[in-house]
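Visitor: Residue strings, one per chain:
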Amino acid sequence: MQTVKMVVTGPFSAGKTEFIQSVSEIDVVATERKISSADERSVKEATTVAMDFGRITVDEDLVLYLFGTPGQKRFDFMWEILSEGMLGFIVMVDSTRPETFREARSILETFRAYAPTPYVVAANKQDMKDAWELEDMRHALRLDPKVKFLPCVATKRDTVKTVLLELLYSILAEMETGG
Amino acid sequence: MALRGNLRDFTITQLLNLINLAGKTGTLVVDGPADQAHVAFSNGKLAFARVGQDDNRLATVLHRANKLTVNQYRALVERAGEMTDKELGLLLINAGYVTQEDILINLQEYFAGTVRRLYTWVEGSFRFEADLLPPDDRINVRLDLENLIIEGSRQLHEWEQLQDEIPSLEMALKFTDRPLKNVNLSVEEWRVVSYINPKNTMKQIASANKMNYLEIRRIVYALLQAGLVDIVRPEGVTVAPSPKMFPTRDKEEQKSLVNKLIGRIRSL
Numbered sequence: 520m521q522t523v524k525m526v527v528t529g530p531f532s533a534g535k536t537e538f539i540q541s542v543s544e545i546d547v548v549a550t551e552r553k554i555s556s557a558d559e560r561s562v563k564e565a566t567t568v569a570m571d572f573g574r575i576t577v578d579e580d581l582v583l584y585l586f587g588t589p590g591q592k593r594f595d596f597m598w599e600i601l602s603e604g605m606l607g608f609i610v611m612v613d614s615t616r617p618e619t620f621r622e623a624r625s626i627l628e629t630f631r632a633y634a635p636t637p638y639v640v641a642a643n644k645q646d647m648k649d650a651w652e653l654e655d656m657r658h659a660l661r662l663d664p665k666v667k668f669l670p671c672v673a674t675k676r677d678t679v680k681t682v683l684l685e686l687l688y689s690i691l692a693e694m695e696t697g698g
Numbered sequence: 002m003a004l005r006g007n008l009r010d011f012t013i014t015q016l017l018n019l020i021n022l023a024g025k026t027g028t029l030v031v032d033g034p035a036d037q038a039h040v041a042f043s044n045g046k047l048a049f050a051r052v053g054q055d056d057n058r059l060a061t062v063l064h065r066a067n068k069l070t071v072n073q074y075r076a077l078v079e080r081a082g083e084m085t086d087k088e089l090g091l092l093l094i095n096a097g098y099v100t101q102e103d104i105l106i107n108l109q110e111y112f113a114g115t116v117r118r119l120y121t122w123v124e125g126s127f128r129f130e131a132d133l134l135p136p137d138d139r140i141n142v143r144l145d146l147e148n149l150i151i152e153g154s155r156q157l158h159e160w161e162q163l164q165d166e167i168p169s170l171e172m173a174l175k176f177t178d179r180p181l182k183n184v185n186l187s188v189e190e191w192r193v194v195s196y197i198n199p200k201n202t203m204k205q206i207a208s209a210n211k212m213n214y215l216e217i218r219r220i221v222y223a224l225l226q227a228g229l230v231d232i233v234r235p236e237g238v239t240v241a242p243s244p245k246m247f248p249t250r251d252k253e254e255q256k257s258l259v260n261k262l263i264g265r266i267r268s269l
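If you read the protein sequences in the order shown, they are chains V and U. Note that the numbering used here has the first sequence beginning at 520, numbered continuously upward. Note that the numbering used here has the second sequence beginning at 2, numbered continuously upward.
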């Protein structure tokens, strides 16, 4: 059995677990714990402390694993471990919470420094009325115009598929140019 | 859709950066601890600014800048009370009191000073109103934001925040397409700029300039905020892809594997 992996990262409560859940054929193996901080608890009840783990079987010889990183900074020691050997990564950003954009930038830069692998950025919760516009988010996140920045609703499979496909197209394009 | 938030999470400098890069037109309304500020922009350039009920009429601005004497100022306030700033400006130019350049330079200085006051606002909320244009009866300026952004960014000293913004000094810098002209840089900033090249990591630039990591991060942060540079992977440093990425070393098999993944995701 051959396996490959992709990593889904982003700040606390960006929607990483839902993203993986939307396409995984198994229930996501989530390592969630109740949140102790009152501020963070007002955003959600539980958070990922080690990783989320989803699976998509391609055929009898090939399986794609999706790993979700813990969003809270104090668990960032897990990031490098999870990024080892990834085909590419997805940075999830909550479009309704500009207070997380700085952290998203930091996570993106950290992952870029780990490995020269392709990545895309997904603007989650674009269906909410207080979501920032993509163009404003692109500037706030300081994304190069060449970086794929995609609208997403992590609970909707179609948009999640689009994000995964765009990452795979980038991986393929990089393989073509890299010989 | 919403361009609104909190100043604790999004600083004035970061907002100016966004407005500058997006070339926005409209008014940034900031509700600070004691006052409300209105800062208007036209195509990403500063057009007008006011904090609270500050008197920023042309006559007052020129008087404060010593372009009008006390007597001239009093006479204007009495006689030209109903006149708009545009009408007053024309009158003053025709009367030979001031030149058009005097008016524009002093308004630019005044509006820039108003924006600088906002750097000290760390509590409050903001919203960008695209439909709210600068007042029609007032003289608007067109001031590039880069220098204001760099000035504001220099005030960021918190080590933790700078480390968040620039986590790795092993990355390099490259200039963006924005021209590096009419930008007021300090000597230290110019020293860093002179080494910017995708081949040089930030760590190497710091070392060449005998700067510590806090100093180099602070300077790079200002350049990033002003949209003058981007962080890139250093050229010439080949980082071998992890052998664990693919279960096979054969390039064609790797491509076939990615194509299989594409097909499977499409079919979901």
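I should point out that these hints are in silico values taken from the structure, not numbers from a laboratory. From a predicted model like this one, the values you see are computed outputs, not experimental measurements. Every residue gets a Cβ at the ideal spot worked out from N, C-alpha and C, and that includes glycine. Treat each hint with caution, since some may be false.
[Claimed, not checked] If you want a taste of the chain V side facing chain U, the calculated C-beta under 10 Å gives, among others: (1) M520; (2) M597; (3) I600; (4) E603; (5) E618; (6) R631; (7) K648; (8) E654; (9) A659; (10) L683; (11) I690.
[What the hints assert, rightly or not] When the alpha-carbon atoms are kept at most 30 Å apart in a straight line, the in silico BS3-like pairs for lysine-lysine are as follows: (12) U/K200 <-> V/K667; (13) V/K680 <-> V/K665; (14) V/K675 <-> U/K256; (15) V/K648 <-> U/K46; (16) U/K211 <-> U/K175; (17) U/K200 <-> U/K252; (18) V/K665 <-> U/K182; (19) U/K256 <-> U/K245; (20) U/K68 <-> V/K665; (21) U/K252 <-> V/K680; (22) V/K648 <-> V/K680; (23) V/K667 <-> U/K68; (24) V/K667 <-> V/K648; (25) U/K204 <-> V/K665; (26) U/K46 <-> U/K256; (27) U/K211 <-> U/K200; (28) V/K648 <-> V/K665; (29) V/K667 <-> U/K204; (30) V/K675 <-> V/K648; (31) U/K256 <-> V/K680; (32) U/K261 <-> V/K665; (33) V/K667 <-> U/K175; (34) U/K211 <-> U/K245; (35) U/K200 <-> U/K175; (36) U/K182 <-> U/K200; (37) V/K667 <-> U/K261; (38) U/K87 <-> V/K665; (39) U/K68 <-> U/K46; (40) U/K211 <-> V/K667.
Visitor: Now look at each hint and say whether the structure bears it out.
Guide: Do the hints match the structure? See the list:
1. Taking 10 Å as the C-beta contact cut-off toward chain U, the hint placing V/M520 at the interface holds, the least distance being around 9 Å.
2. Look at V/M597: its Cβ only gets to about 15 Å from chain U, farther than 10 Å, so that hint breaks.
3. The criterion of a C-beta within 10 Å of any C-beta in chain U is not met by V/I600, whose closest approach is roughly 12 Å, and the hint is violated.
4. Interface restraint check: V/E603 against chain U, minimum CB-CB distance 6 Å, threshold 10 Å, status holds.
5. At about 3 Å, the closest approach between the beta carbon of V/E618 and any beta carbon in chain U falls short of 10 Å, and the interface hint on this residue holds.
6. A distance limit of 10 Å between C-beta atoms decides the matter here; for V/R631 the minimum to chain U is near 7 Å, and the interface restraint holds.
7. Using the Cβ-Cβ criterion of 10 Å, the hint placing V/K648 at the interface with chain U is satisfied: the shortest such distance is roughly 7 Å.
8. With its C-beta approaching chain U no nearer than about 6 Å, V/E654 sits inside the 10 Å limit, and its interface hint holds.
9. Because the closest C-beta pair between V/A659 and chain U is about 5 Å apart, less than 10 Å, the hint holds.
10. Against a cut-off of 10 Å between C-beta atoms, the interface hint on V/L683 holds, since the closest Cβ of chain U lies about 5 Å away.
11. Interface restraint check: V/I690 against chain U, minimum CB-CB distance 6 Å, threshold 10 Å, status holds.
12. Note on U/K200 and V/K667: the hinted pairing holds, with a Cα-Cα distance of about 25 Å set against a maximum of 30 Å.
13. Under the criterion of a C-alpha separation no larger than 30 Å, the hint pairing V/K680 with V/K665 is consistent with the structure, at around 20 Å.
14. With a C-alpha separation of about 28 Å, the suggested pairing of V/K675 with U/K256 holds against the 30 Å cut-off.
15. For the hint pairing V/K648 with U/K46, the CA-to-CA distance comes to about 28 Å; that is within 30 Å, so the pair holds.
16. Between U/K211 and U/K175, the direct Cα distance comes to roughly 21 Å. Compliance with the 30 Å bound is thereby established for this hinted pair.
17. The hinted pair formed by U/K200 and U/K252 meets the criterion: a straight-line CA distance of about 28 Å does not exceed 30 Å.
18. For the given pair, V/K665 sits about 24 Å from U/K182 by alpha-carbon distance, which is consistent with the 30 Å threshold.
19. Taking the CA atoms of U/K256 and U/K245, the gap is about 15 Å. The hint holds against a cut of 30 Å.
20. Between U/K68 and V/K665 the CA atoms are separated by roughly 49 Å; this puts the pair beyond 30 Å, and the hint is violated.
21. Between U/K252 and V/K680 the alpha-carbon distance is near 25 Å, which keeps this suggested pair within the 30 Å criterion.
22. At most 30 Å may separate the alpha-carbon atoms for a hinted pair to count; V/K648 and V/K680 meet this at roughly 23 Å.
23. Distance restraint check for V/K667 and U/K68: the Cα-Cα separation of roughly 52 Å exceeds the 30 Å cut-off, and the hinted pair is therefore not satisfied.
24. Taken as a hint, the V/K667 and V/K648 pair is honoured in the structure, with Cα atoms around 23 Å apart against an allowance of 30 Å.
25. About 26 Å separates the Cα atoms of U/K204 and V/K665, which keeps this hinted pair within 30 Å; it holds.
26. Pair hint U/K46 plus U/K256 does not hold up; C-alpha atoms about 47 Å apart against a cutoff of 30 Å.
27. Proximity of U/K211 to U/K200 is assessed by CA-CA distance (about 18 Å); at most 30 Å being required, the pair is judged to hold.
28. Between the alpha carbons of V/K648 and V/K665 the distance comes to roughly 27 Å, so the proposed pair stays at or under 30 Å and holds.
29. Under the criterion of a C-alpha separation no larger than 30 Å, the hint pairing V/K667 with U/K204 is consistent with the structure, at around 28 Å.
30. The suggested pairing of V/K675 with V/K648 holds, with an alpha-carbon distance near 17 Å, which does not exceed 30 Å.
31. A threshold of 30 Å between alpha carbons decides the hint, and for U/K256 with V/K680 the separation of about 19 Å falls inside it, so the pair holds.
32. Restraint check: the Cα-Cα separation between U/K261 and V/K665 comes to about 25 Å, which is no more than 30 Å; the hinted pair holds.
33. Under the criterion of a C-alpha separation no larger than 30 Å, the hint pairing V/K667 with U/K175 is consistent with the structure, at around 20 Å.
34. For the proposed pair U/K211 and U/K245, the alpha carbon gap of about 39 Å is over 30 Å, so the pair is violated.
35. Of the pairs offered as hints, the one joining U/K200 and U/K175 holds, with about 9 Å between alpha carbons and a cut-off of 30 Å not exceeded.
36. Restraint check: the Cα-Cα separation between U/K182 and U/K200 comes to about 23 Å, which is no more than 30 Å; the hinted pair holds.
37. Taking the CA atoms of V/K667 and U/K261, the gap is about 22 Å. The hint holds against a cut of 30 Å.
38. Straight-line distance between C-alpha atoms of U/K87 and V/K665 comes to about 43 Å, which puts the hinted pair past the 30 Å bound.
39. In summary, the hint linking U/K68 to U/K46 is supported, as the alpha carbons are separated by about 25 Å, within the 30 Å threshold.
40. Our distance criterion of 30 Å between C-alpha atoms is broken by U/K211 and V/K667, whose separation comes to about 37 Å.
Of the numbered hints listed earlier, those contradicted by the structure are 2, 3, 20, 23, 26, 34, 38 and 40.
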